[in-house]
Amino acid sequence: MTAAVSIEGVSQRYGAALALDDVSLEIAAGEFVVLLGPSGCGKTTLLNIIGGFAEASVGRVLIGGRDMAGVGPKDRPTTTVFQDYALFPHMTLAQNVGFGLRMRGVSADVRASRAAEMLALVGLEGRGGRRPHELSGGQRQRVALARALAVEPDVLLLDEPLGALDLKLRRAMQDELKAIQRRVGTTFVHVTHDQEEAMAIADRIVVMNAGRIEDLGPPRQVYLSPRSLFSAGFMGEINKMPLDGSFGPLDVAGPGVLCIRPEAFGDQGLSLGMARVADVAFFGSYVRVHVVPVAAPDLRLVVHLPQGVQPEVGAEMDLKATSWVVLKT
Amino acid sequence: MKRLVWVYLCAAYAFIFLPVIVLVVFSFQDGRLPVPPFQGVSLQWYAKVLGDRDLMAALFNSALMAAVSSAVALTLGFLAAHGLARSVLPGSVWLRGLLIAPMTVSYLIIALGLLTVFNQTGVRLSLWTAGVGHVVINLPLCFAICYAAMGDHQKAAERAARDLGASEVQVLWLVSAPMLAPALLAAFFLSVTFSWDEFIIAFLLTRFEVTLPVEIWSMLRSGLSPATNAVGSLVFLVSVVAVVLAEVFVFRRRA
Numbered sequence: 000m001t002a003a004v005s006i007e008g009v010s011q012r013y014g015a016a017l018a019l020d021d022v023s024l025e026i027a028a029g030e031f032v033v034l035l036g037p038s039g040c041g042k043t044t045l046l047n048i049i050g051g052f053a054e055a056s057v058g059r060v061l062i063g064g065r066d067m068a069g070v071g072p073k074d075r076p077t078t079t080v081f082q083d084y085a086l087f088p089h090m091t092l093a094q095n096v097g098f099g100l101r102m103r104g105v106s107a108d109v110r111a112s113r114a115a116e117m118l119a120l121v122g123l124e125g126r127g128g129r130r131p132h133e134l135s136g137g138q139r140q141r142v143a144l145a146r147a148l149a150v151e152p153d154v155l156l157l158d159e160p161l162g163a164l165d166l167k168l169r170r171a172m173q174d175e176l177k178a179i180q181r182r183v184g185t186t187f188v189h190v191t192h193d194q195e196e197a198m199a200i201a202d203r204i205v206v207m208n209a210g211r212i213e214d215l216g217p218p219r220q221v222y223l224s225p226r227s228l229f230s231a232g233f234m235g236e237i238n239k240m241p242l243d244g245s246f247g248p249l250d251v252a253g254p255g256v257l258c259i260r261p262e263a264f265g266d267q268g269l270s271l272g273m274a275r276v277a278d279v280a281f282f283g284s285y286v287r288v289h290v291v292p293v294a295a296p297d298l299r300l301v302v303h304l305p306q307g308v309q310p311e312v313g314a315e316m317d318l319k320a321t322s323w324v325v326l327k328t
Numbered sequence: 000m001k002r003l004v005w006v007y008l009c010a011a012y013a014f015i016f017l018p019v020i021v022l023v024v025f026s027f028q029d030g031r032l033p034v035p036p037f038q039g040v041s042l043q044w045y046a047k048v049l050g051d052r053d054l055m056a057a058l059f060n061s062a063l064m065a066a067v068s069s070a071v072a073l074t075l076g077f078l079a080a081h082g083l084a085r086s087v088l089p090g091s092v093w094l095r096g097l098l099i100a101p102m103t104v105s106y107l108i109i110a111l112g113l114l115t116v117f118n119q120t121g122v123r124l125s126l127w128t129a130g131v132g133h134v135v136i137n138l139p140l141c142f143a144i145c146y147a148a149m150g151d152h153q154k155a156a157e158r159a160a161r162d163l164g165a166s167e168v169q170v171l172w173l174v175s176a177p178m179l180a181p182a183l184l185a186a187f188f189l190s191v192t193f194s195w196d197e198f199i200i201a202f203l204l205t206r207f208e209v210t211l212p213v214e215i216w217s218m219l220r221s222g223l224s225p226a227t228n229a230v231g232s233l234v235f236l237v238s239v240v241a242v243v244l245a246e247v248f249v250f251r252r253r254a
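First to last, the sequence lines map onto chains L and A. Per numbering that gives the first Met the number 0, the first sequence starts with residue 0, numbered consecutively. Per numbering that gives the first Met the number 0, the second sequence starts with residue 0, numbered consecutively.
These are calculated hints, taken from the structure and not from any lab test. C-beta atoms are modelled at their ideal positions from N, C-alpha and C, and glycine is treated no differently. Hints should not be assumed to be uniformly reliable.
Just a few of them, taken from the derived set where beta-carbon distance is under 10 Å, the chain L residues facing chain A [unchecked claim]: (1) 65; (2) 85; (3) 89; (4) 143; (5) 299.
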């Protein structure tokens, strides 16, 4: 079961604060979309509006072409995986997973077999008789996922579902989440503030800031060709060089900001002139170097060089960028 | 210094429990008066009490009223606590205050107030009218216990239940109440204890069907007897059982 989601000109006001400012977004059926942004950017508010937990002040939400105005969470074709899992502690795992089906009047034996099937899908085969408190954080999150998917929603909403897990487990769960989404084909709308997580799982990333959509596209596009300075900075470390005439290669036209990722420096490409090495640190998979361009002594750029290179502090190097982007301030 | 602490501890417990111990000991008195000297152990007074039809009827009335009025107080208190904990209402601080306020009013005032109301409206005094009084005194307690037990944990689970298609009644019945079961049971058994040995309201608001404390009071009017002690001991035993059950339900779940 899957459906497209259209968000048309949605604004949301909390008192004087504008949590969402005229947001429009089309999500295709079966797509894995990640809403990415810092806390307070409106991503969770948007998720709540899709799920029916909040009503938009202005604008419409359509799921599968049906206007959701006035439809509560209980009657929407959406289910949610919450950050704090929100499992029912007094029920077994099978009862937790079967809860949504029970609310839909499905008979007990159908529920039991469906719950077993869903628990198997998330790798908790045969644990239906356990209770939530017997599980680890990662396992609880799997149960929450199984419970939300058991009712075959058209759209699954995930509210920072991996936020409470440690880094290693989070990376493992990301791969699994992606695999499960491929298998069930449901539209997934996933909220996170972790850009690595977003790139690992998303078909399309929606970068949000201050209630607006800053950028959207596949991970590669958002990372390599961001549409805004905010998006460029949020997706990862980036060097920003103002193109005000005092510095910068002649074939890049100003005004604007030349943005280059630390790992985008190499032997060829856009020439930036000579730069002096100010600081060197070995980071394992790469060498992190701070350099100061000779032509612009006020700037300090971060360059990631291959593991084998051992630059000396004070040495000069010829800076060339293999990929870059110019953005308006 | 250390000895002084022990002396103080013993004195404090003696102060609290000596009257109860004396009451229980003299209920076994083999004589006509529940006063020293103790003349030997006998169960005759218990036999007399358990054979007394009026007393047994009063005991049954008390048990029935304690159970029913506590159940009603708990239901109302739980629903009020849930509503006030979950929804943002204008003046909800005042509403909470108003709900807890009857705790500060003496039982005598509550009884007199209800008596006036029942007289004015022509409601005949019965076990039911006293039961209303007990709901009034136990509702604030049930409300306070339920309200204190409601946390974000339940809130999140309720939200999840709604998301999965549960109606509000299903949310309350299948998620909120079971998750709060320890608090609900504790509130229920405390209410039962209060209702069980409450006298003033039961005395003023009943007429023919009386409760056990009222029956004991009429026994006392005809003078001291070890029979009164025996009834008192039985009442005390029931209260202790109710409180212990409340503790067991609260602490077993938390452990």
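Now for the hints, and whether the structure bears them out:
1. Against a cut-off of 10 Å between C-beta atoms, the interface hint on residue 65 of chain L is violated, since the closest Cβ of chain A lies about 17 Å away.
2. Because the smallest distance between the Cβ of residue 85 of chain L and any Cβ of chain A comes to about 4 Å, under 10 Å, the interface hint for this residue holds.
3. The interface hint given for residue 89 of chain L holds, since its Cβ lies 4 Å from the closest Cβ of chain A, which is under the 10 Å cut-off.
4. Of the supplied interface hints, the one on residue 143 of chain L holds, with its beta-carbon coming within about 8 Å of a beta-carbon of chain A, less than 10 Å.
5. Because the beta carbon of residue 299 of chain L sits about 45 Å from the nearest beta carbon in chain A, more than 10 Å, this interface hint is broken.
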